[in-house]
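Let chain A serve as the given structure and place chain B on it in line with the hints.
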Amino acid sequence: MTFIVSASGVSVPAIFCDGSAGPARVAADPVDHILRDNTVALGRLARALPIARDPAPIDLPEDLRVDGRGAKAVSRAAALSVAAIRLMLQAEPADPSAALFVGVGASGVERAELDRVVGSSRVDGAFSLPAFRRRGLRSFNPLRTFQSLPSFTLCHAAIEASVHGPGEATFSRGLGTVMALADACDALEDGAPEAFIGGADTGHHPITRIERTREASVADLGWLSEGAAFLRLRSVAERPIGRLLEARLCDGSEPVPPDDLFVVDAPRSTLPPRVADVDAQAVFGATLAASPALAWCLALARLDVSGVATIRTRDAASGAWGHVRIERLR
Amino acid sequence: MTWVRGVGCVSALGPDWTTTADRLAAGATGVSRVERFDVRGFDCQTGAPVCSKTVSAEVQRRNSERPPEDGAMLEPRVAMTWLAATEAWAQAGLDTQRVGVFIGAESGFARYPFAFDLSRAAGGGRTFDHEAFAREGEAVMQRAQHSDELRPAAAVAARFGFDGPVGAPAMACASGLAAVVEGVRSIAAGECDAAICGGVGAGLDPLLFGAFDRLGALSPSGVARPFDRRRDGFVLGEGAACVVLGGTRGPSTPVRVAGWGRGLDAHHLTDPDPDGVVAEATMRTALGGQPVQYVQAHGTATAKGDSSEARALYRLFGDDVPIGSVKGALGHWIAGAGAVGLLCAIEAVSSGGTARGRQFPTVGFEQADAGCPGWHLRETRDASVQAALVNAFGFGGGNVSVRVERVS
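In order, the protein sequences belong to chains A and B.
Residue numbers for the first sequence follow our numbering, so the first one is 2 and each next one is one higher.
Residue numbers for the second sequence follow our numbering, so the first one is 3 and each next one is one higher.
Check each hint, because a few of them may be wrong.
[Claimed, not checked] Have a look at the derived ranges for each label pair, beta carbon to beta carbon:
| hint | chain 1 | residue 1 | chain 2 | residue 2 | range |
| --- | --- | --- | --- | --- | --- |
| 1 | A | Ser98 | B | Gly291 | 47 to 57 angstroms |
| 2 | B | Gly163 | A | Arg70 | 42 to 52 angstroms |
| 3 | A | Asp125 | B | Arg137 | 21 to 31 angstroms |
| 4 | A | Glu255 | B | Pro222 | 53 to 63 angstroms |
Derived from the structure by calculation, the hints contain no laboratory data.
Values in this document were obtained by computation on a predicted structure and should not be read as measured data.
C-beta atoms are modelled at their ideal positions from N, C-alpha and C, and glycine is treated no differently.
For reference, chain A alone in the conformation it holds in the complex (with noise of 0.2 angstroms):
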């Protein structure tokens, strides 16, 4: 039996738990807060989408943000997915022996960093070796290095969380954040005292927007987002908000359980034959690695004690579906 114990997410720009006695600025009632937020937030983004600027910084609260030395090497993901599991810790710290399992995007370092290499590296319009060695490289901040590393979602998050247990950073389009949900519950029946996984991704990286103008059609591309979401689960709980009942990948063509909430997670013209109670992307955005796991924390939110909803999650890649059921128990 895995139960989960509280769900934490940032999106931009909600912000919201449930199982816990969170702080103050979280809200009371998660479904509310979220909605009425990223209704401003589908408002702002859809005016910044025609990408004629950069992004602006992720506009956090001071005690969820990396500060510091750490703040140069943080990528926006890994900043998000620091923001989400602190946001978590604050009821109650981790288990040093949990584990922690999180899909992840491709991480990129900051354009206008590697611009500067790139840029300094030029001599008469071409790349030249000999000024990349000389000047391109002594313009690179090493710590930016980090920013492209995607395992450092995982591992900011696992030093924020001081977490020891088995691990892994999966690749994600979404499918690879349902693969990791998998293995968490693995990682639990293995004898982990607790798991956290989750999912923490951007949309805002040039790189990113192109490669999804190019893997989507425009009607499926939505508009990019970005945020972190985790769930925390044991074997064994107190006072769980929620029972996970299935993980697995499935068949797109499946028939959906008649369950009391239907939650989908794809872009707007893959959705299923039955229509969904909620687009998750809607209300979210396109999050990539991040939204599988927003969408089973939006599931959870808008579920009534003892209700059932299915999630299915179609991956921005393959097309491939997973399927991830939730049971809310109070």
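Relative to chain A, chain B alone:
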């Protein structure tokens, strides 16, 4: 129970595992001065590249009846992974399409021509022109065959027509071995009948080379010397290594994956835990209380990395178990490192088939002193090895260990 059904590899020492293993056994090294680009001015000037012409020729030869149609093979990581996967699959003797593919592959796609073209698409100056980038960037990405971490696994699955799960663990230098754990887990969960698992590294490019050089991780002496007192860093290598895992025993390789462990240092962004406490716990989990007679160590030849691993090994085994590392001979494949380490461990415990039960010499190792008082790397090439442990430890503190054993 998960069995090894086949192995495959492409490396600086050869286009397949048989050639690579024979040359490793003979003490050969694939490390040489880098000729692919001008390395004057860098602290390190060596690497272990895989020749792109050799890869292209091998891809053409193996594809003679069905040439690649989609250009995916132009991407070095995809081509090398496919070569390793086809070699392993040919040995496996399996007749199923329910096959998962898990490949660690996050190093080597950001090659400098790609980065430069992208920068030019964004205006080529010191400020990023998003509108120009939106117009020109997609064409650059098509030309550059740029692809994400999942591409090698997805391309292999598509080429074979497999319909199992596809995954790409992103654990830096532990990715390849983490992919093996994913394969074991996926078979056990019934998601697939078999899995192709492994890793690929294609990082011998000015961008990655320069970044590691600037970080001081590469060897100024140009020789990676795992666990040696003169060690001064690693050299970058390239290659791909794959295993086919199945739920049933195969005809050629009587080896099974008997245990595995994963653990997070959560200590520091760049440095390993100096005492290797989590690494030790990870190995202990993989061992499951069972013995091994050989350890294929991560052994990066960095001062801190080897010291941390040696301390963990010493607490677990004392001086009793022979240790080896392949990075002196093949360089460090980053995401692919753990996968080729696994092949070496399988080779150590195998008998019959394509594997011959041997441990390879640790090229570069001469003077013991890994920063762990009392511990000495002991090489033994004639021991009867029934079981072996393989380690892969990633930058940022992700640890993976796997135990393999021969079953009579």
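Structure-based check of all given hints:
1. Ser98(A) <-> Gly291(B): 47 to 57 angstroms: violated, 18 angstroms
2. Gly163(B) <-> Arg70(A): 42 to 52 angstroms: Hint holds: Cβ distance 49 angstroms, inside 42 to 52 angstroms.
3. Asp125(A) <-> Arg137(B): 21 to 31 angstroms: Given range 21 to 31 angstroms: holds, Cβ gap about 24 angstroms.
4. Glu255(A) <-> Pro222(B): 53 to 63 angstroms: At 57 angstroms between Cβs, range holds.
Figure legend: structure checked against the earlier numbered hints; the only hint not met is number 1.
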